[in-house]
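Model the full structure from these sequences, guided by the hints.
Protein chains: 2
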Amino acid sequence: MFEAVEIGNALSKEAYKARIPDLRVNLINAQYDLQEADFPVVILLAGNDRLGCNALLHTLHDLMDGRYMRTNALGCPTAEELERPRFWRYWRTLPRRGQIGVFLGAWPLNAMQDYLSGNLKKVDLERRLEHIRRFEQDLVADGALLLKFWLHLSKDVFKQRLKAAKKNPREAWQIEAEDWQAYTVYDDAIKVAERVVHETDTGEAPWHLIESRNARYRDATVGQAIFEALSQRLQHDSADTSPHMPVAPATSPQAPQPTILDTVDLSTSLSRSDYRRQRTTYQGQLSRLSDQAAMQGISSILVFEGWDAAGKGGVIRRLTAAMDPEHYNVFPVAAPTPEELAHPYLWRFWRRLPRAGDVTIFDRSWYGRVLVERVEGLASASEWQRAYSEINDFEEQLGDSGIVLLKFWLHIDQDEQLRRFRDRETTPYKKYKMTDEDYRNRDSWPRYEQAVHDMILHTSTKQAPWHLIPSNHKRWARIEVLKTYCQRLEERL
Amino acid sequence: MFEAVEIGNALSKEAYKARIPDLRVNLINAQYDLQEADFPVVILLAGNDRLGCNALLHTLHDLMDGRYMRTNALGCPTAEELERPRFWRYWRTLPRRGQIGVFLGAWPLNAMQDYLSGNLKKVDLERRLEHIRRFEQDLVADGALLLKFWLHLSKDVFKQRLKAAKKNPREAWQIEAEDWQAYTVYDDAIKVAERVVHETDTGEAPWHLIESRNARYRDATVGQAIFEALSQRLQHDSADTSPHMPVAPATSPQAPQPTILDTVDLSTSLSRSDYRRQRTTYQGQLSRLSDQAAMQGISSILVFEGWDAAGKGGVIRRLTAAMDPEHYNVFPVAAPTPEELAHPYLWRFWRRLPRAGDVTIFDRSWYGRVLVERVEGLASASEWQRAYSEINDFEEQLGDSGIVLLKFWLHIDQDEQLRRFRDRETTPYKKYKMTDEDYRNRDSWPRYEQAVHDMILHTSTKQAPWHLIPSNHKRWARIEVLKTYCQRLEERL
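Chains as they are written, first to last, in the numbering used here: chain A, 1 to 493; chain B, 1 to 493.
These are calculated hints, taken from the structure and not from any lab test.
Check each hint, because a few of them may be wrong.
Identical copies look the same in the list; a pair holds intra-copy or inter-copy alike.
Unchecked claim - In silico BS3-like cross-links for lysine-lysine, where the CA-CA straight-line distance does not exceed 25 Å:
{"no.": "1", "residue 1": "462", "residue 2": "159"}
{"no.": "2", "residue 1": "159", "residue 2": "13"}
{"no.": "3", "residue 1": "191", "residue 2": "121"}
{"no.": "4", "residue 1": "163", "residue 2": "191"}
{"no.": "5", "residue 1": "167", "residue 2": "433"}
{"no.": "6", "residue 1": "166", "residue 2": "155"}
{"no.": "7", "residue 1": "191", "residue 2": "122"}
{"no.": "8", "residue 1": "13", "residue 2": "167"}
{"no.": "9", "residue 1": "166", "residue 2": "13"}
{"no.": "10", "residue 1": "121", "residue 2": "462"}
Remember, it's a predicted structure, so these values are computed and weren't measured experimentally.
Below you can see the structure in the form of structure tokens.
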């Protein structure tokens with residue numbers, strides 16, 4: 001989940017300076033409109049970048065009118081708070097309608113701290129997360145605009161930050177022993193963080209994961225996200241006279257540059273002879289492993305998504321060549337049938353789940369909801385936004401039942417796609433694959449990029465991570481997928 | 001929770017016969033309209049009355065057109081189902097839009113069985129319940145009309161039913177060894193059932209708890225509930241052209257006769273001398289116990305609800321007389337202030353929570369949402385319907401934090417209320433208590449009865465049960481409350 005935001009987002013000094021004045025005017029104007037409105041704004045700043053949260057808060061105070069914004073730094077509970085139920089401290093500090101309340105750390109971080117310090121057992125963590133979900137759900141049902149930002153630092157950057165801060169007189173005094181302590185337990189903490197973020201990333205209250213490495217990028221992104229969500233909600237409320245309907249803020253407020261896809265190294269390649277050799281090796285392995293899996297009743301589900309002409313079919317054929325046809329099924333996902341449309345979205349995928357020992361390969365999948373259906377407007381905003389948690393829940397159930405689930409994104413760039421389109425047109429047996437629509441889709445490339453980025457952010461979990469496969473070079477992609485599946489099967493057997 | 005439906009609901013043969021023909025016509029017509037509509041109906045029949053679920057299903061088949069209603073009896077999973085993730089069996093049998101799917105037992109009973117048979121640990125039961133909540137939430141979000149009926153038998157009646165069925169040739173063959181087995185573990189099972197029902201009783205998917213003792217009452221009540229929810233939804237959909245908004249069915253479809261309040265024995269009384277003696281005893285006890293509680297940092301919250309003039313003030317004074325003023329606070333709940341209205345409903349109660357060792361007495365409480373606000377239309381249907389689960393979550397947090405929570409309903413009948421109103425008007429220092437509104441409220445008595453009944457059904461939990469106090473005789477009520485609080489404190493200390 002978090003690796004999807006470790007992509008080196010940054011904003012230059014000039015770009016930052018150019019954006020800030022407008023953002024400030026926009027935010028302050030929105031804040032004034034908010035005072036007349038009938039809903040409160042709850043901004044939650046959490047993550048593993050404690051100093052970053054503080055710095056961001058300073059920026060927000062610079063960008064907005066502090067008189068109408070109350071900050072609640074909820075770290076260790078006070079004696080007074082310890083004498084009450086845990087959520088007392090959050091309830092009593094909720095902003096009233098028309099105002100903004102900023103919460104630092106608060107419920108998600110407190111849950112993490114309690115668990116990591118051994119004060120919460122596993123079953124109690126689950127209950128706490130359930131209370132958090134309900135708390136947030138109740139706030140939203142009551143009309144609150146809830147914006148949750150998780151500021152993430154990779155382990156390397158975490159260490160760099162601490163070291164740098166120690167040398168910087170303006171920051172040194174802010175570092176506490178616990179920050180170094182936090183670094184030593186980084187790996188444990190990140191696992192718990194993933195669980196907490198994953199379990200509280202709901203349709204009503206989605207998380208915005210923010211890379212916190214570059215302060216300018218972080219502050220400008222959060223500020224812009226707050227402005228866009230706030231102005232969207234203000235517009236919605238003033239236009240709409242129907243009874244209140246909760247509106248979830250857009251998941252990613254602006255096209256992130258770069259996206260996670262930009263981290264994929266597309267220059268990889270493989271010679272024909274190396275390819276043949278490795279193909280033989282891995283297909284042999286796969287054949288043996290998948291027989292074993294079938295005998296032990298271990299099922300697999302392989303999900304293939306990717307750009308048009310990224311080579312999904314070719315990869316799938318290299319896999320199935322090594323598998324027993326009795327035990328696998330390839331299911332190409334096209335537009336839903338009327339029967340499928342008459343059921344909830346995930347129904348048609350539930351129906352295709354493999355029996356024990358079998359393998360189902362999805363050529364495109366349930367991710368259509370948050371990709372093509374989102375980009376082409378075939379699903380409403382609320383439908384695709386809540387799909388992330390529906391899908392996570394679905395995949396969690398697959399994992400719990402012992403199914404090996406792999407998700408591949410086959411990545412190519414636009415030039416390579418064009419080359420392949422042209423190639424298809426001139427290859428007699430591939431011609432049928434091309435339609436005008438394929439060219440039209442290319443215009444939506446940036447919007448697909450954003451959708452892919454959000455998808456990976458919200459659905460790449462420890463249990464079911466996304467594998468981004470560089471596919472400009474087909475041979476490389478095929479070996480990469482074969483190898484990945486073999487490794488996963490081996491771990492599992 | 002379940003004791004609230006053990007009240008002897010019954011319908012005579014004549015009354016049943018009189019109602020059935022209309023109900024059948026209504027249901028069949030609604031079913032035809034449903035075929036043109038854009039939503040599916042999911043009816044879940046569960047509970048501890050397995051034979052009752054079967055019998056009810058027969059009645060439903062008699063009342064509706066079986067061609068457009070598919071039944072899914074999901075008991076022990078089949079071999080095919082065991083090879084897939086647990087929810088596969090539910091997903092694959094979901095009805096399509098325009099159709100009715102009836103599920104017998106299914107997800108709630110399967111969870112109970114897995115837990116009771118030792119296949120699910122406690123932490124996994126919590127996760128399973130979370131999956132159930134999300135599954136139901138997703139169905140409703142997708143547009144389904146989800147109706148959940150829990151058929152309950154008390155332990156006595158459970159045994160009688162099995163014995164009677166054994167003698168009845170038409171039923172004897174239906175009884176299985178597991179039914180007797182279910183009887184022997186009745187007490188354990190009912191605890192798990194309460195947890196399952198409580199945790200899945202949400203605003204979007206509330207449970208209808210049905211007393212299953214009398215088959216005619218049960219079948220007519222469920223049939224009527226289905227008809228009302230279905231026709232309400234059909235009307236809503238045809239009237240409304242705005243985007244789909246989930247509609248929760250009304251919690252109790254019709255005024256139950258009798259309600260739980262009719263089980264309160266109002267003939268109890270206490271002589272003046274007995275009263276004095278007992279008051280001295282219990283006030284002495286309370287004084288000692290509440291000192292101890294204060295020292296140990298154990299807090300209490302006492303909630304008083306009841307009819308106007310039921311004597312809440314008098315009871316509260318008899319309690320506080322024995323308590324240290326430093327440690328208690330009485331908080332009379334009136335209409336919310338503008339500041340309170342600017343926050344979520346429960347905010348003003350969260351703020352009043354006692355610190356460790358203290359006692360807060362609420363003269364009226366958060367239950368106003370599902371009583372006066374519901375009956376007088378001050379809260380929207382969706383607001384008061386989701387309040388049950390908000391309140392349960394709130395009280396669960398109070399319990400988890402170690403607070404002793406007691407909830408009293410002071411019950412009087414209408415005659416007694418009138419007597420007290422008249423009395424107030426002629427007593428100089430009580431005159432100020434009377435307004436015309438008090439008399440007007442008497443007209444709403446049946447609607448309040450229904451609201452109280454639903455409130456107790458949905459919020460009387462093992463951890464925080466309601467105590468129904470017969471209060472026609474004031475002395476009796478005062479002793480009863482004193483005694484109950486002393487007992488709870490004694491258990492806790």
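Against the structure, the hints come out as follows:
no.	hint	verdict
1	462 to 159	within (23 Å within a copy, 49 Å between copies)
2	159 to 13	within (23 Å within a copy, 78 Å between copies)
3	191 to 121	both (15 Å within a copy, 22 Å between copies)
4	163 to 191	within (24 Å within a copy, 55 Å between copies)
5	167 to 433	neither (60 Å within a copy, 70 Å between copies)
6	166 to 155	within (17 Å within a copy, 68 Å between copies)
7	191 to 122	both (13 Å within a copy, 22 Å between copies)
8	13 to 167	within (22 Å within a copy, 87 Å between copies)
9	166 to 13	within (23 Å within a copy, 84 Å between copies)
10	121 to 462	both (20 Å within a copy, 23 Å between copies)
Of the numbered hints given earlier, the model fails hint 5 alone.
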